[in-house]
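K.L.:
Listed in order, the protein sequences are those of chains H and E. The opening residue of the first sequence carries number 67 in my numbering; numbering runs sequentially from there. The opening residue of the second sequence carries number 67 in my numbering; numbering runs sequentially from there.
Hint data in this document are derived by calculation from the structure and do not stem from the laboratory. Only true hints are included.
Identical chains blur together in the list; that is why a pair holds if it fits in one copy or across any two.
Computed cross-link-like contacts, PhoX-like style, restricted to lysine-lysine with a CA-CA straight-line distance of at most 25 angstroms: (1) Lys361 to Lys550; (2) Lys550 to Lys602; (3) Lys550 to Lys406; (4) Lys562 to Lys361; (5) Lys462 to Lys602.
2 protein chains.
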Amino acid sequence: MNRLHRYLPATVWLKDYTRTDMQTDMMASVIVTIMLIPQSLAYAMLAGLPPAVGLYASILPLVAYALFGSSRTLAVGPVAVVSMMTGTAALQFAAPNTAEYLAIVILLAAISGLFLLLLGLFKLGFLANLLSHPVISGFISASAILIALGQVKHLLGIQASGRNLIDMMTTLWSNLSQTNFDTVLIGVSAVLALYLLRQHFKSILIMFGLSDHHAQLASKAGPVLVVVIMTLIVAAFQLNTEGVKVVGDVPSGFPPLALPKMDFQMAMDLLPAAILISIVGFVESVSVAQSFAAKRRQSIDPNQELVGLGAANLSSAFSGGFPVTGGFSRSVVSFDAGAKTPMTGVFTALLILLTLSFLTGAFYYLPKAVLAATIIVAVVQLIDLKSFIHIWRYSKQDVSALLATFFMVLFVGVEAGIITGVSLSLILFLWHASHPHIAVVGRVPGTEHFRNVERFQVETNCEVLTVRIDESLFFANARMLEDKINQLVSEQKQVKDVVLMCTAVNMIDASALESLEMICARLQSTDIRLHLSEVKGPVMDRLKGSAFISHLSGEIYLTQNQAFEALCHQEG
Amino acid sequence: MNRLHRYLPATVWLKDYTRTDMQTDMMASVIVTIMLIPQSLAYAMLAGLPPAVGLYASILPLVAYALFGSSRTLAVGPVAVVSMMTGTAALQFAAPNTAEYLAIVILLAAISGLFLLLLGLFKLGFLANLLSHPVISGFISASAILIALGQVKHLLGIQASGRNLIDMMTTLWSNLSQTNFDTVLIGVSAVLALYLLRQHFKSILIMFGLSDHHAQLASKAGPVLVVVIMTLIVAAFQLNTEGVKVVGDVPSGFPPLALPKMDFQMAMDLLPAAILISIVGFVESVSVAQSFAAKRRQSIDPNQELVGLGAANLSSAFSGGFPVTGGFSRSVVSFDAGAKTPMTGVFTALLILLTLSFLTGAFYYLPKAVLAATIIVAVVQLIDLKSFIHIWRYSKQDVSALLATFFMVLFVGVEAGIITGVSLSLILFLWHASHPHIAVVGRVPGTEHFRNVERFQVETNCEVLTVRIDESLFFANARMLEDKINQLVSEQKQVKDVVLMCTAVNMIDASALESLEMICARLQSTDIRLHLSEVKGPVMDRLKGSAFISHLSGEIYLTQNQAFEALCHQEG
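Using the sequences provided together with the hints, build the complete structure.
P.N.:
Set out below in structure tokens:
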């Protein structure tokens, strides 16, 4: 039964599910649905897909996540960054709005789902840690700019495409003469309206007497209001005949249930993109889930989150959808609307299914410029200037990883940006670990404390050299330790004993062990003994059986003071 | 003047160079030359090159290293593993013993030299730390097997080739019927003779009355003796007319000085191989240099070593040679022969130049099977079973990196092996860092010490949760800390204060800082305060200006005991 709980978290909360829970969850699902429908249509457009695909991706994935996900609050579905990455990846292999393009996107969701599932089952979620915060921040900011810029064509009613800033600007510029002014009027007013509503709608609602909580909730309906009004205007004036592009016919009925077409070569070609989409989606999703879990003093299991998101993506692929993940804004709405359990997701899926069955006609006159406006207003907030300033102040190394990612995404592409950022983070970390703080220490007179000789007035002995290493010893700094000890001993010719003080050494890997053996042997060849002091318990446990300890020329002292006392008296 | 010393280490020792130094250096160079000549011929053959190229690579590079290298003892020139890597890389683009092949190899030396030089000038030597000890060990063992197997064709007098074990075995097997029995006889007796000499020659020489030191030195001439005797036998019986392949004509005269032919596309294609050759060569060389520096209480500067090796490879390229690096066995000979300064290298270069000018005729009858035998006997020792056993006992994680590298090199190729090994080391390290030891601690009664609640009987307070993290906080474990604190707080509902005890935190990067801010904000949303205790000086210095400290809901305590006292009394 415990295993069932672990692999199917839904069994935990379903057990205690009450009628009251059901009522609040249903209420919340109505609000989430109202918000999710225009988002789904917009993000499908962003990924270069027919609008219906966005709705398909908002049905089964929600149910799958409700069953397998570990967060009680997370709302999954299409999100901006993942949709853009999907579009960019698919564009390399087919033209948008073709059958091949759709097949590729579905395959992408399938591979991505499978990859997430495998990561989860093998508990490899830690691999997502490769994406450091500066890399994510730079990536999201640059993606937001690319997404916003990619939607400008819809605001102007022209054709344009491109995978990076320069391509996009060039194609936009060369088609600028074809601008449709009705479209511009609608698009720009939608952007302004959305922007103003976002800023002031809540206060206006409060002025009209709504409570803070209700105003907060109702304000989320603002974008929907703009979408409805603009659609009505286009319908009333038949602006679609004047060149304003509209969503048009959306096929009604159930999502097409089918296995994705397996094309092994294509799957291999898509793998790198699928891996990046999965990891970016997972990282975004898990941080949203963590925020909400903390608010309710719940906890989430990152590996189970991988399983949940994997199941969501696989079911998206099986029902003609595209890659999905947990979204921040819809999770906020769901949480604020009082959603108690993941059943909210199931109810939302049912409501979207109903919409797809009976209400697709309502989207006919919805102008694409308005969808573009909702995307632009949503993503502009993702541009993360605050993190940039914080990181800039805190660490020049971290900010360089952020900037490298940002500019690579903007000027080369999404994949190049992430790979650059991750490589740079690793190299900078390695640089840091390769240059550990190593101090020669001496005893503070009258105490048993040992401090850096360069910072404090301490007692030393010219025949005993004590070195404190402020880092775990592993392959990145093993060789540096050899250099450093060599150098110190070559500078201080009378030394007869070297003591390594290991207070901050949390681990010694095989490379470092080999280096310690080398250090010991080299010191011994010039009649210097090597000692250790203050070795931590777990480190000592592993050292015990090793050849290093049996060949060690000196002693292992419990405390540095014991080492100092013993060696100085010996020499004396 | 100090700058000159740094960039041209030769200026330091040349200043005090005496006539006595010169005499010992000259003596040593004679012994090194005798050993180096057959090695140079053999390693040129191993790289698929004409024998003369091996001699070219043993002239100017020695002079360049003497000027720019920081080790007083290192002897550079062609070495087995680098020669094999060179051959493997060149084989992808041309057939051995053609003009294109030679041009490619020279270009490889040039790129490799340039790369090493740049690494050195930009002080990027730490990047070599990516090669952990287990990866190097697995790589060298597998390479030794490939090299030995690659020489079997010369022992049998047949044709064979291949980049990995299976290719080699297959081509050997299919050509086995063409075996030349005279060649086998010579080759196998050479292997046996070399093996026995290596084991027993020194003791025999001591029996004949030589001192230990002189026997040690003379024993290094053993292989040369075998080479000379076998050459005489072939010449006497004219075995070259019976199908025994010999070195044949070696063009006499100076090495051809010329700029390498620049072919940008080819240079790009060769770059990955050149980078691996450079790094492997550097890692081998620097560890040899370190061993000898330690014996004389000297120290070496890894970045200056890069400059020295870079200069050596560039000058190899300019004089028709192939990639070189510091060799272990010849450095041992040089050291044992009493070489005092790098001038030994200059004298050796002169002697090889003399050989090339006047003695090339002596190599005519030298059988290739004997060169193959010297290679085989030399590389078989590189198979590092001892390290494997040590690492196996010490760490299953590290041994998996070793085995992955070993089998990938053997069955796929050198480059795939190194890339797999490095990636696996990084992933395993990341796994380790992502799962830091995090302990809930309490106070040992009657003391100010705090210990793991699971291991010790300690005092705790149900409203104060103290967590000790035994690792620096950075991107690899930042998210894990969020999970862990979330989970602990969700399990212990009365908690009002969380204290992070930072004794072992040597660094907090921007990702971890962001996570700490998130943790603080989430805890605050459920009215829990976050405190820090025992933050190290350098870590605190950087934290001071950050937003995290200004938003911190709790206090920063100097000691954990102060934190515990203050918070428990507050609650009480």
